[in-house]
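Chains as they are written, first to last, in the numbering used here: chain F, 1210 to 1980; chain B, 2 to 186.
FYI, nobody ran anything at the bench for these hints, they're computed from the structure. We treat Cβ as the ideally placed atom computed from N, Cα and C, and that holds for glycine. It cannot be assumed that every hint is accurate.
Said to hold, decoys possible - Below, simulated BS3-like cross-link-like pairs (lysine-lysine); rule was C-alpha separation at most 30 angstroms, straight line:
#, chain 1, residue 1, chain 2, residue 2
1, F, K1812, B, K141
2, F, K1342, B, K141
3, F, K1269, F, K1231
4, B, K167, F, K1812
To be verified - Some, not all, of what chain B presents toward chain F, calculated at C-beta under 7 angstroms:
#, residue
5, A85
6, D89
7, G161
8, P165
9, P178
To be verified - One side only, chain B facing chain F, incomplete, derived with CB under 7 angstroms:
#, residue
10, R93
11, V96
12, T97
13, S103
14, H158
15, A160
16, I169
17, D175
What follows is each chain in one-letter form.
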Amino acid sequence: MLGIIRIDGHEIPFEPGDNLLKVALAADVDIPYFCYHAALGSVGACRLCAVEIMSDDPDKVPRVAMACLEPASDGLEVSVSAPAAQQVRQRVIEFLMINHPHDCPICDEGGECHLQEMTVACGPAYRRYQGHKRTFTNQNLGPLVHHEMNRCITCYRCTRFYQDYALGDDLGAMRLRNEVYFGRFQDGPLESPFAGNLVEICPTGVFTDAIFRQHFTRVWDLKTASSICPHCSVGCNILPGARDGTLRRVRHRPHPEINRWFICDRGRYGHQYSEHTARPLTPRVAGATITYRKALIAATEQIKAAGDRIGGLGSIREDLEGNALLRALLNNLNGIFSAFNDPELEAATITAVNRIQNSDGTPSLTEMEQVDAALILGDLTAHAPMIDLALRQAYRRGAQLTVLHNGPTPLTQFAVTTLPVPPHEMGAYLSRLHERITASPASKDVQDESTAEIAERLAAARRPLLIGVVETLAASEIIALAQLATALGTDARLAYALPGANAYGAALLTLASRKTTTILEAIETGQIQTLIVAGTDPLGDTRLGSRWRAACQRLNTLIVLDCIATTTTAAADILFPVAAWAERGGTFVNYEGRAQGFAPAFKRLELLPSTAEVIADLVQCLDLYLPDAPAVLSEAFPGYQAPVPGSAGSLMPVHPLPTHIDTATRSDHEHHHKHWQAALTTWYGDEELASFAPALMKLAPTATALISPAAALNANIEEGAQVKLRGPVGTMTLPVQLDNRVADGTVALTRMALVQLGVGHGDLLELEPVS
Amino acid sequence: MTWTKQMNNRKPPMIIRLWHSLWVTLRHAWARRETVSYPEVKRPLPGRWRGRIVLTRDPDGEERCVACYLCSAVCPVDCIHLQAQQRDDGRRYPVTFRIDFSRCIFCGFCEEACPTLAIQLTPDFEMCEQHHSSLVYEKKQLLIDGQGKYPGYNFYHHAGVAVPGKTIGEADRDTPPVDHDTNLP
Ligand code: SF4
Ligand code: SF4
Ligand code: SF4
Ligand code: SF4
Ligand code: FES
């Protein structure tokens, strides 16, 4: 039932249960406030939202109340402009300002400071209090967030976000009276993957962006444009801000169904990659810098010489336009195209996209917050951080989480059941779970209690969510998860965290699996002479890096388009540096299949075309005729309309993908007692682009070999002991760290270590103690 | 009535008029001159004259400007460009500070907006140049070695942040910092 309240004569409808402040803000009626936040609710800490409420009884005087704590009720008469309410607000500001430092000129919040705005709106224009100010020392909170505690107005938003919303435990309120302090017990980096949101949630300059601080610019000088985060498949909406041809910072941009008010720290701080000193900025041919024109001519010659002996690799982090044009060019030249450089990842991603298209819609983040049970396969925090935050909300609402993992993952803290499963046994475990769920009650054996428990919990849930991390699953396991969802009935929701910002689009454009293997084999047999690589790093791949490196030796020409310095760009014969995401427009398709457009926020001083533009220029030099990117896309996907940047995005039209999956991709070797399964252990900052962000990388965990205490006991290895790992490509010695979240017979290693050893997730390697 | 009018309108005789003009001319030939022969002679200008802009230093000899961007924001012709940078010791300063005097209208808004009294207009207007580009002054041309019109002010002694020579709690009218590790009053 809707009701009506009257605020200063305006009639405003409300939903039952809403408070006055929420109702007013929704109707664009301004009531000053500090501590209320749509995501965090009301606590009544700041006392700024005073309004006057008329009594029903005309003989009674109106009372002043806090709008954020007052439930709306039908017929309520409210006044924001009443002198009594105005006076309360003015006094509140004056009191908050008593201890406030004289900092605005050197405060990074200035210009977008809630306190400044409220002071101008409600407070006295001059300071009357001439006494002494209370002060606080600051803490070193790590490389991402700068702390300046004197500016605090004790609204408690920071702890309410950090502890209550994001479930972090290393930042809180200390002391008492007018000396409440918000910080950590001791100096040290904030541990939450969402700590950067403090910068936006704090209405004052207590928490500010430590990266932005290094090249600070006021908000009015920043050039911004609606953009999409390029660092994972969630597709959070962001607002990059640039000035003088350099990217300065990234903030969230609300999307009602995805990230709403927040983004993760990878999204907020990963943007430093586009300002990295090693970033290629001038075209190179055979190692020598050259003009763009000449590089185009050189590439044209090579492509012409190669004829149809040409291949192209698109990328899961390259936008839809770049990938589609590259594919169109290769189709025109009768070459082969794939958007992946690892056949297993290709098969897994295409399978996942296929399953998503065959399910009735993957849940958005807001829908995930409403689930009441979830089965999580892999480390969501590292592969899709904001999905982790959404599931933390589900957990706060009472959802029961089950995590099946190979290595450590932060979500295990909130799970009812966590089960370390070695990579090779994941498939078998999922089919056991499937059997449990589908089997008749009588035939259920009581042997495997935890499986039974998980199965029962999922079956009993009204809205269960099944979600898997594609990068650490094989295609067969992805199918098994989808079958589990089918077995659980129509209320079960299925989702996959895909391996890149545009992995969905890359899968749609690659179409059939095994394209990558075909390209790799064609290079090895000399059938491909020229390879065009756009925005990916096959030579630096974990599993196949060495094979790609060997294969590329046989190429006549390796043409690379990228915006970061990778192993592949270093080996390129012709290198076209391209614009990073904030410098160009494009489209990413997120894990739901939602195509979202992003607009260029700025141009750098160097001439940096986008991938699609380089390919269009190549097409022109080759005297070919190809339609432009929008035309290519609407041809590839009938019914596709380019999403406007800043809009909510549009679902990709359903597109037939092969259902036949070759499931034998997981390299199954003989099990040997010396053999361990490698598992990829990552953290929220680990991603190809973000790994070029220096500040974020300061937080990277040190490389160790993580094994479970039980396995260590078996193999007679002690914590801290050095072990020698031997993979097909190399060896390395690492200290052992025991962690009971690692599965048996599994050694969890960082991506760097996997690259060095030449193993992928789930591959076998040898481990022996160094004596 | 007509008679008086006729009397008033009657001109003095020609000879008187001639002598009068000669007398005025002669008197002016010996009067004190208002015009000076600039540039050999320069007139003193009032201290608040709005001319060439400088960046001043605080009493300790440190740059006053904290790169707050307020002058560049208020400038009606957008002729101030700067970039803030942070010193390791906590002081913020402009790493570049550029004023395009070919655009500046010497309105003085920047000086009014400046919260640190760093930017000041001076009584110097002699800035002719052959080329436009020479009118773009960089920081090294703007930064002077003195305090300008407002001696004695040091912004950091009023602010809450720590800089060399002043830790937190040592600003004018600050109390020593609260020890947040204890709950005792
Ligand atoms: S928090 Fe706001 S009011 Fe306080 S110093 Fe910073 S900008 Fe000024
Ligand atoms: S630190 Fe910021 S968010 Fe936290 S209580 Fe103080 S003003 Fe509020
Ligand atoms: S005097 Fe006026 S025009 Fe000149 S710099 Fe200052 S604000 Fe700009
Ligand atoms: S207003 Fe003053 S302190 Fe701020 S940038 Fe300009 S000169 Fe520097
Ligand atoms: S917003 Fe109502 S008391 Fe703070």
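Comparing the hints with the structure gives:
1. K1812/F x K141/B: Holds: K1812/F and K141/B sit about 29 angstroms apart, inside 30 angstroms.
2. K1342/F x K141/B: violated (37 angstroms)
3. K1269/F x K1231/F: holds (26 angstroms)
4. K167/B x K1812/F: violated (41 angstroms)
5. A85: It holds, given that the least Cβ distance between A85/B and chain F is near 4 angstroms, below 7 angstroms.
6. D89: violated (11 angstroms)
7. G161: holds (3 angstroms)
8. P165: This interface hint is violated because 14 angstroms lies over the 7 angstroms limit.
9. P178: holds (5 angstroms)
10. R93: holds (5 angstroms)
11. V96: With Cβ-Cβ at 9 angstroms, over 7 angstroms, it is violated.
12. T97: violated (9 angstroms)
13. S103: Violated, because the Cβ-Cβ distance from S103/B to chain F comes to roughly 20 angstroms (cut-off 7 angstroms).
14. H158: violated (10 angstroms)
15. A160: holds (5 angstroms)
16. I169: holds (5 angstroms)
17. D175: holds (5 angstroms)
Against the hints set out earlier in the document, violations occur for numbers 2, 4, 6, 8, 11, 12, 13, 14.
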